[in-house]
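Participant: Go ahead and model the full structure; you've got the sequences and the hints to work with.
Chains as they are written, first to last, in my numbering: chain A, 7 to 567; chain B, 58 to 225.
By construction, these hints were calculated from the structure, which means they are not laboratory data. For glycine and all other residues, C-beta sits at the position ideal for the given N, C-alpha and C. It cannot be assumed that every hint is accurate.
Some chain A residues near chain B, calculated using beta-carbon distances under 8 angstroms [unchecked claim]: (1) 113; (2) 114; (3) 116; (4) 117; (5) 120; (6) 121; (7) 124; (8) 336; (9) 343; (10) 346; (11) 347; (12) 349; (13) 478; (14) 479; (15) 480; (16) 482.
Footprint (simulated), chain A over chain B, 3 or more residues, beta carbon under 8 angstroms [stated by the list, open to error]: (17) 63-76; (18) 163-173.
With a cut-off of at most 20 angstroms between alpha-carbon atoms, the simulated SDA-like pairs for lysine to any residue come out as follows [stated by the list, open to error]: (19) 180(A) x 137(B); (20) 180(A) x 133(B); (21) 141(B) x 15(A); (22) 191(B) x 165(A).
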Amino acid sequence: MSHSSPSGVSEREIKFRVPENRDPAQIRDVIEAAGFRFEPTGTIAHVDRYLDTDDWDLYRAGLALRLRDDAGRVRLEAKSIASTSPDMLERTEWSQDAPVGDPPWEALDPGPVAGLLQPLQGLRVLERLQIRASVTNDRECFRWMRGDSVIGLLTVDHVTAPPASFREIELELKNGAEDALGLVRTAVHEQLGLEHEVRTKLAAALEAAGVPLPERDERAFALNPADRLLDVAHKIFGRHLGRLLWNEPGSRLGIDSEHVHDMRVAARRLRTALEVVANGYPDAVREDFETDLRWIGRRLGRVRDFDVALDRLVEMERDAASFERPALRIFRQSLEVRRARRRLRLVERLDSERFGVFLVKARTWIEAGPPGAATVPEGVMPAYAAAPRIIGRWMDATREAYDVALRTMEPEDLHMLRIAAKRARYAYEYFAELEGPLAQRRAKRIAGLQDFLGEHRDSVELLRRMRRYARTVPHEDRELVLGTGSLLGHLERSVRMRRSDLRDHWERAMAEGGARSEGCCGAVGGAVGGAVGGAPPPAVRCATPRPGSPIADGPASARES
Amino acid sequence: MDLYIVRHAIAVERGDPAYPWDDDRPLTPEGIHKFRLAARGLEKLDVRPDHILSSPLIRARQTAEILRDAVAPELDITYSPSLKPDSDFGDSLGAVAALGAKTVAVVGHEPHLSGFASYLLCGPRQSASIVLRKGATALVHFPAEPAPGLGFLEWLLQPSVLRRIAGT
Chain A
7 MSHSSPSGVS EREIKFRVPE NRDPAQIRDV IEAAGFRFEP TGTIAHVDRY LDTDDWDLYR
67 AGLALRLRDD AGRVRLEAKS IASTSPDMLE RTEWSQDAPV GDPPWEALDP GPVAGLLQPL
127 QGLRVLERLQ IRASVTNDRE CFRWMRGDSV IGLLTVDHVT APPASFREIE LELKNGAEDA
187 LGLVRTAVHE QLGLEHEVRT KLAAALEAAG VPLPERDERA FALNPADRLL DVAHKIFGRH
247 LGRLLWNEPG SRLGIDSEHV HDMRVAARRL RTALEVVANG YPDAVREDFE TDLRWIGRRL
307 GRVRDFDVAL DRLVEMERDA ASFERPALRI FRQSLEVRRA RRRLRLVERL DSERFGVFLV
367 KARTWIEAGP PGAATVPEGV MPAYAAAPRI IGRWMDATRE AYDVALRTME PEDLHMLRIA
427 AKRARYAYEY FAELEGPLAQ RRAKRIAGLQ DFLGEHRDSV ELLRRMRRYA RTVPHEDREL
487 VLGTGSLLGH LERSVRMRRS DLRDHWERAM AEGGARSEGC CGAVGGAVGG AVGGAPPPAV
547 RCATPRPGSP IADGPASARE S
Chain B
58 MDLYIVRHAI AVERGDPAYP WDDDRPLTPE GIHKFRLAAR GLEKLDVRPD HILSSPLIRA
118 RQTAEILRDA VAPELDITYS PSLKPDSDFG DSLGAVAALG AKTVAVVGHE PHLSGFASYL
178 LCGPRQSASI VLRKGATALV HFPAEPAPGL GFLEWLLQPS VLRRIAGT
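Facilitator: So, in structure tokens, the structure goes:
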């Protein structure tokens, strides 16, 4: 789900790469046979120079930025890279007059692109921009007609991206005619066997120039069987720190909510690793990083909560009765305004000195390699030997949390179970490469439980927010009063969880044995909690290792969040 | 020709750092609530435009949509850069005249709209002092084709009055 700046213009198009042995006119003919016609409007030529930083901040944030020279008039154009639709290219564009001279620039004049890029200022993106690729496009333009109505534009592009050149046909929809792109896609596929092209011109230009697009490389953090616990702890930290950094530009920019999600998950996995694999980290490192990760994770979480709520409202709107829709839209607008404020606070935090210091310390710690055995005496244990105990411990804590939640069915206890399940799942995932596919499967099943509980939690939060909004609805507006009341009713029903549903999801998560670490009495050794973690150990009891069996007593020690 | 001049409803404050590009400022929920009621007041006054012409800025678009839903749900809204805050009054009038309609509602911004209203009433050389609060509407009537200085101010209603009309 994407969330774009409102000043962006939505573009819906479909394009085909024309094979070398084919005449573009053949494709036009096929489209015309599908019920359309074209009127030539002339030719234009433009040169696009694509801009990005040396480490591809914009590309990683999901944005292509270019200077388009159109017969001497130069515009600065930004376009989202990912399509929000699988059936066409549905992207958002922002445009304003270009600054004088080539990048880098110190600042931009106020405008849609400047507003869009503002949250990236803390990364000094403008000062680091450089020209990464150049594309020349000689374009033949046609009006795209259905009957007497103009529904869009067809262009035949002769693209030169040295040393390569290619031809593309693009059809851009302008006015309604929602079905037209689908008809064209089907006709061209059926008659000519051509699939619609999803690669951007930037990607094509870079490919032609032999410049690889950036990819996250985690090979250095792959586990191997000889790893000690401290090696694994170091690698987990390196891997998730990389993911956190990778997603920072996108989290700032905010055109795709997945970046905030991924950055938040990375922060959460880093923090959970400090707890779950506590004996692999020096005490000072744990204490130092834990507070900073909580601090930044909380801000990410606050934006993410709104993203999730807004996605849920979009879903609700699909099924809403007409009298509910106005209330739903205004409520959504109120959340959008609040999310914009939360995003601003997130960017302020990412711009802060404290976050900068954290990143320097974290990078330095990773670059220095695993810590010496003297600082982490218990970390020298082989990871394959430590893993079952660690996993077992967190599974036990999850079972205890489940028992409490099943007994009370209180939202807070269900939330605690979700957190405990998350830790257990991460414990499996941290060691999955050593523990094998069974551990991965178990992690996936626990994720199912976590998702179920997460959706419940999201509904509880949405209901709380909607109740707050309902208090602001003017009594004179009967339509809104009725709509809000009805929506509250839907949400109240959705937060009622049946005990049997929880039990079903739990049993699914615990089903079919699987990982060798699961039985706490066998490989794990039930009473080792205190020796494994720095956090207060759960009171592990050695129950019969029966899948799905909750351990009835002992404190729900997973209750730190 | 009748021209309804509608100022956009209450939006997020100018300079709010969460909206670094001014064009992106949306209506606040309070602004939406209030203008929904004001638009119902317009509906009670039999305001029925043949066309709604709006500035493309988000706060004006949202206001135009609420107006449309209340008074003429079947209409499409036309967005024109000639109603942006810094537009030339002549261009704004040209965009209205080009529609060739009997009744048009324009949705835009201050101070452009009060300047535009003055231009319609007094022409380019003189000026009338007009106050349009957020969500206010004025009706300017032209006995013939719309032209600068040839309009008559039929009424100007601030949003609180429109809301009161809605409640009667």
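Participant: Hints first: check each against the structure and report whether it holds.
Facilitator: Evaluated hints:
The interface hint given for residue 113(A) is broken, as the beta carbon of that residue sits about 12 angstroms from the closest beta carbon of chain B, more than 8 angstroms. Because the smallest distance between the Cβ of residue 114(A) and any Cβ of chain B comes to about 11 angstroms, over 8 angstroms, the interface hint for this residue is violated. Here the hint on residue 116(A) is kept, as its CB sits about 7 angstroms from the closest CB of chain B, short of 8 angstroms. Given the 8 angstroms rule on beta carbons, the hint for residue 117(A) holds: about 7 angstroms separates it from the nearest Cβ of chain B.
About 7 angstroms separates the beta-carbon of residue 120(A) from the nearest beta-carbon of chain B, less than 8 angstroms, and the hint is met. The restraint placing residue 121(A) at the interface with chain B holds, with a minimum CB-CB distance near 2 angstroms, inside the 8 angstroms limit. Taking 8 angstroms as the C-beta cut-off, the interface hint given for residue 124(A) holds, the closest approach to chain B being about 4 angstroms. Here the hint on residue 336(A) is kept, as its CB sits about 5 angstroms from the closest CB of chain B, short of 8 angstroms.
Here the hint on residue 343(A) is kept, as its CB sits about 6 angstroms from the closest CB of chain B, short of 8 angstroms. Nearest Cβ of chain B to the Cβ of residue 346(A): about 4 angstroms, under the 8 angstroms cut. The hint holds. For residue 347(A), the suggested interface contact is upheld, since its CB lies about 5 angstroms from the closest CB of chain B, less than 8 angstroms. Of the supplied interface hints, the one on residue 349(A) holds, with its beta-carbon coming within about 7 angstroms of a beta-carbon of chain B, less than 8 angstroms.
For residue 478(A), the interface hint holds, since its Cβ comes within 8 angstroms of a Cβ in chain B; the closest pair sits about 6 angstroms apart. At about 7 angstroms, the closest approach between the beta carbon of residue 479(A) and any beta carbon in chain B falls short of 8 angstroms, and the interface hint on this residue holds. Given hint, residue 480(A) at the interface with chain B, holds; its Cβ is 5 angstroms from that chain's nearest Cβ, closer than 8 angstroms. Given hint, residue 482(A) at the interface with chain B, holds; its Cβ is 6 angstroms from that chain's nearest Cβ, closer than 8 angstroms.
For a cut-off of 8 angstroms, the count of residues in the segment 63-76 of chain B with a CB near a CB of chain A stands at 4, and the three-residue condition holds. Here's how the segment 163-173 of chain B fares: 0 of its residues keep a CB closer than 8 angstroms to some CB of chain A, so the rule of at least three is not met and the hint is violated. For the suggested pair residue 180(A) and residue 137(B), the alpha carbons sit about 16 angstroms apart, so the restraint of at most 20 angstroms is met. At roughly 15 angstroms between alpha-carbon atoms, residue 180(A) and residue 133(B) fall within 20 angstroms of each other, so this suggested pair holds.
A threshold of 20 angstroms between alpha carbons decides the hint, and for residue 141(B) with residue 15(A) the separation of about 16 angstroms falls inside it, so the pair holds. Straight-line distance between C-alpha atoms of residue 191(B) and residue 165(A) comes to about 49 angstroms, which puts the hinted pair past the 20 angstroms bound.
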